[in-house]
Amino acid sequence: MVNGYQVNSLKEALDIRSREAVVPYAGGTDLMIKSKEDAAYLFLNKVPELKNIVEDAEYIRIGASCTFTEIINSALTPAILKEAVIQIAAPAIRNFGTIGGNLCNGSPKADSALILFVADAKLRLMSADAERVLPITEFYLGRNKTALHTDELLVEILIPKTGLDNYYYQKVGARNALAISRVSFAALLNVVDGKIENCSTAFGAVSDVVIRRKDIDAMLIGRTIAQAKAVKADYLAKYDAEIVPIRGRVSTEYRKSTCMNLLKDFLESNGI
Amino acid sequence: MKETIKFILNNKEVVSTAKANERLLDVLRNEFRLTGVKCGCKEGECGACSVILDGKLANSCMVAMGSIQDSTVITIEGYRDTERFTVLDKAYAAVSAVQCGFCIPGMVLASECILAKNPHPTEAEIREGISGNLCRCTGYNAIVEAIGIAAKEGNGLW
Amino acid sequence: MEPISKSVKKKDHEPKMSGRSLYVDDLAMDGMLYGRQLHSAKAKARIKDIRLPKLPEGYYVVDKHDVTGVNRVAIVLNDTPVYAEDTVEYVGEPILMVVGPDRKKVDQILNEIVVVYEEEIPVLDMKKSDTVFFNYNYEKGDIEKAMAEADRVFEETFQTGYQEQAYLETQGLIAYPHDGRMTVRGSMQCPYYIHGAVSKALGYDTGDVQIIQDVTGGGFGGKEDYPSILACQVAVAAAKVGKPVKVVFDRREDMEFTSKRHPSICTYKVAIKNGEITGMDVDVLFNGGAYTTLSAVVLQRGIICANGVYRVDNLRVHGRAVKTNTVPCGAYRGFGAPQTFFAVEMIMDHIARDMGIEPLELKEKYIVKQGDSTSTSGEYHFHVPLPEMIERMDQLSDYRVKSKRYQNQTGRYRRGIGLSLVYHGCGFTGSGERDIIKAVVRIRKNADDTVEVLASNADIGQGLKTTFCKIVADTLGIPLERVLIENPDTDLVPDSGPTVASRSLMTVGGMLQRLSEKLKKEWKNGEEQIVEERYIEPDFIIPFDIGKFQGDAYPTYSWSVSAIEVEVDTLTASNKVLGAWGIFDVGVPIDMNIIQGQMQGGFLQGIGYSSMEQMDYNDKGVIRNNSFSDYIIPTSVDVPNLVTEIINNPYTHGPYGAKGAGELPLVGAAPAYVEAMENALGVSLYNAPFTPENTMKVLQEVSK
Chain A
1 MVNGYQVNSL
11 KEALDIRSRE
21 AVVPYAGGTD
31 LMIKSKEDAA
41 YLFLNKVPEL
51 KNIVEDAEYI
61 RIGASCTFTE
71 IINSALTPAI
81 LKEAVIQIAA
91 PAIRNFGTIG
101 GNLCNGSPKA
111 DSALILFVAD
121 AKLRLMSADA
131 ERVLPITEFY
141 LGRNKTALHT
151 DELLVEILIP
161 KTGLDNYYYQ
171 KVGARNALAI
181 SRVSFAALLN
191 VVDGKIENCS
201 TAFGAVSDVV
211 IRRKDIDAML
221 IGRTIAQAKA
231 VKADYLAKYD
241 AEIVPIRGRV
251 STEYRKSTCM
261 NLLKDFLESN
271 GI
Chain B
1 MKETIKFILN
11 NKEVVSTAKA
21 NERLLDVLRN
31 EFRLTGVKCG
41 CKEGECGACS
51 VILDGKLANS
61 CMVAMGSIQD
71 STVITIEGYR
81 DTERFTVLDK
91 AYAAVSAVQC
101 GFCIPGMVLA
111 SECILAKNPH
121 PTEAEIREGI
131 SGNLCRCTGY
141 NAIVEAIGIA
151 AKEGNGLW
Chain C
1 MEPISKSVKK
11 KDHEPKMSGR
21 SLYVDDLAMD
31 GMLYGRQLHS
41 AKAKARIKDI
51 RLPKLPEGYY
61 VVDKHDVTGV
71 NRVAIVLNDT
81 PVYAEDTVEY
91 VGEPILMVVG
101 PDRKKVDQIL
111 NEIVVVYEEE
121 IPVLDMKKSD
131 TVFFNYNYEK
141 GDIEKAMAEA
151 DRVFEETFQT
161 GYQEQAYLET
171 QGLIAYPHDG
181 RMTVRGSMQC
191 PYYIHGAVSK
201 ALGYDTGDVQ
211 IIQDVTGGGF
221 GGKEDYPSIL
231 ACQVAVAAAK
241 VGKPVKVVFD
251 RREDMEFTSK
261 RHPSICTYKV
271 AIKNGEITGM
281 DVDVLFNGGA
291 YTTLSAVVLQ
301 RGIICANGVY
311 RVDNLRVHGR
321 AVKTNTVPCG
331 AYRGFGAPQT
341 FFAVEMIMDH
351 IARDMGIEPL
361 ELKEKYIVKQ
371 GDSTSTSGEY
381 HFHVPLPEMI
391 ERMDQLSDYR
401 VKSKRYQNQT
411 GRYRRGIGLS
421 LVYHGCGFTG
431 SGERDIIKAV
441 VRIRKNADDT
451 VEVLASNADI
461 GQGLKTTFCK
471 IVADTLGIPL
481 ERVLIENPDT
491 DLVPDSGPTV
501 ASRSLMTVGG
511 MLQRLSEKLK
521 KEWKNGEEQI
531 VEERYIEPDF
541 IIPFDIGKFQ
551 GDAYPTYSWS
561 VSAIEVEVDT
571 LTASNKVLGA
581 WGIFDVGVPI
591 DMNIIQGQMQ
601 GGFLQGIGYS
611 SMEQMDYNDK
621 GVIRNNSFSD
631 YIIPTSVDVP
641 NLVTEIINNP
651 YTHGPYGAKG
661 AGELPLVGAA
671 PAYVEAMENA
681 LGVSLYNAPF
691 TPENTMKVLQ
701 EVSK
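Chains as they are written, first to last, in the working numbering: chain A, 1 to 272; chain B, 1 to 158; chain C, 1 to 704.
Heads up, a few of these hints could be off.
Stated by the list, open to error - The calculated lysine to aspartate or glutamate pairs, modelled on EDC-like cross-linking and capped at a C-alpha distance of 16 Å, are:
1) C:LYS365 <-> C:ASP313
2) A:LYS34 <-> B:ASP26
3) A:LYS229 <-> A:GLU268
4) A:LYS264 <-> C:ASP569
5) C:LYS105 <-> A:GLU268
6) C:LYS269 <-> C:ASP151
Read the hints as simulated data drawn from the structure, not as lab findings.
Please read these numbers as outputs of a predicted model, since none were measured by experiment.
Please work from the sequences and hints to get the whole structure.
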């Protein structure tokens, strides 16, 4: 029984993925916590096609095997993503933990996932003979469940280049380092010519999946700041009804209060 | 699929017969008898098992052998023969930063990584650099001070 | 600074810094087998059956049937089984051990064993326990009169939680039989405690048991009694299989199943008449867990500290340690004092605010002075330096100004500052040193005129190897390099007592100083000599009656003033420590860097205890916080502004003036931290740890 596959190209990786029951391993910093005796890992840490950070006309494109440290050090990384990733765990974890691993874990606490939700990022998934691009909201199906098929690999993350400058981000953990998020919140607001062109919010670590409600955020889109203020109470009331946190290391009340406080602060800090 | 894993351990090329899914920590301690690499939690949460892997600080308990083919690994056993270690050694001794010692091999390698990246770090940068290395004895102050002294006395070594 | 305080390079710096030091898990022996315990999955049950799989060649199961002596671990009383008998009393209780050459196979066999339990209803809440392990009462003055005549009685209840020692090196021991003897070596604080326990469990003559301390990666009290239990188990296993057996706990196992700090509930009734505090009536309840282990002694210290640093002429203290079906609690730095000091400091804060005055103003009126009577009608024989320490603290932290300024804040970020005054009674409580420990220490002078210190105290990071040798070298007038010390081996060193109670430096160090003076007088160049010293109780001590809790509980006290400043973010209920200051009187530091390191480390552990170190069990008695990701201890970036200062206040009966130091820095952190939170939030608080969860509840209520 072969106990692992080391590959140096994406093609090789996808071939093995299509044939064998393997566990994709990019950095190992989550997988190795509960390493199973018979796990057959597909080692993706040295696959060059998965290690690029580039930009094209629309997106910043980050390879799934890029480590958090690499993401922090890249000039192309949007500030909001950098701010979230720099607060993950501690240096040794960031040196080897990858954005791909962070996402494929399927956890609502994933710090990078939160940012990708609020930025409406897309994920490129590939199999040996097919490829698809999914909005991140369709990638997460439930707690620790993703849409990744057993013959697929997450290859690339596509983050829209624009609209990320005016951001709000807060991670709430138990201490200042090595802290798993207990509540996290990210938001974007784009005001162009006095009108809100985009309002995007996301709440992490409080539910089975990151909470992203484009329908509620849409209440503010197209409005002026003053008009947004007028519907603020309604907007907050909708989130108040829709955010139903689950109990974890902290209570649902704590999570709920923190979420609503941060949401209000985001609005207020933008004059709403 | 290679049956063995070849890598450079403390500047020597070695071959391990470990399985690809085995932990680097266990291989270093058991196969290579490098007991300076400590196990504090086996979950990547304490840094006692820190090594320098491909030039970066790593928790060896979180590294599967199959991921390090042709990589370089430095443990305290390799690092302690360097001139840089001598500077850190003197600095840590000057402020008695070593208490029970269990976190120390990891702290020393973390110190190296801080200074390799930035030979003149601020205190905040030093603290950030060891933020993944838990210490229960010292309260961290003496270790932080020691790294600062090493940076001053380093004399161009970093 | 006294000359002795000048810092030196630690004796064990080199091997630890270079990674050469061998801790127990670094050791391997020929034919060594690995052992792992099967822990009870139930909090309270009868064991109906244990179904073992067929064991492969070379693999064994060790249990109560294999105990050749008494199936009890001698720790104060003898109720802890070596291996469980008919019942299990807590989740984690060791039922048996699987031993074999391959660790993975041992784990596999362990997972195949089926224990059939007949579950009973566990008692998890200490308030609901009806088994009182220990019940103590003491009084002084006339509390009934004070209560009857009071204008008002202030009554409040305080709670403190578990604390896990979280030493970086988990528990581990190796036992190996040889020539009819048994040797146990590994991570420990008290070789002779283990020696006694293993002799009884095996039924061996004490001369046939040898205990060796290996380099130990932290203890903090967590390796005071637990290693005795593990040692008995490993020794019984080694005796059965006739080979070396090593057991090293993994982190989750260690966090869930080994001893912790006693949670407490303390109720204080304080009589006030004409604006004066005239009496205190205190009820102390400690959660002892499933077996007695060290609860008697922890409770004793806790209740002795009940009235804190204050002169209270009419005092009544009632203390109980009760049984619950949870992990037995034991020693952790502070040993009962952090719990009661938390309560008394908080109630003084509350009384002050109720009176409309600043907490420090009220406290200063009642601080004891030299000559005053202690809680147990002993005496404060020596100068109490709190007033000058308070002034210095105010200089350092600007406490008085900030405490006023921070009242009644609004806005997103709210600051607060708190200050506590505590002591730590130096050494073993009461006459334990004289009547139970009876310490003996030796120095051997070699023919080459080097000397070796022969004591059973363990260096667990606190620098004993260095400080013991400094005392001897300086007294003899020889270079430090010519004074040698090894980790204690009971075959080679006498019983100078355990490494507990902040006694090693003061008591054993003091004996070493006297012994060195003796050796100096008797010194013969080129000859091998051995000199010995026995403990002599200082002559000023008022004898302590443990039945009545009367007399000098401690010969002297170390004092501290702690201040902590916080900033609360009301949006997330999380907070930052803006400053943490500790001023400590430990007599004279035998080595300044070593003492500073102890103060900083202990203070940070105390801050963890106050804030992030929450541990709890679920309704099945299972501790949920069983890993470093769930039991949160401070990292290097959590309190970057921790400042410690030492004052000089020589103790006439300590070596070079030294007093007990190790535990002091932890004791005052929790009340300082929680008072700071009160200052920030504008409400009275009653529990530690005080977490963001607690903060959010307060913020919600305040905003209603």
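So which of the earlier hints does this model not fit? Those not satisfied come down to hint 5.
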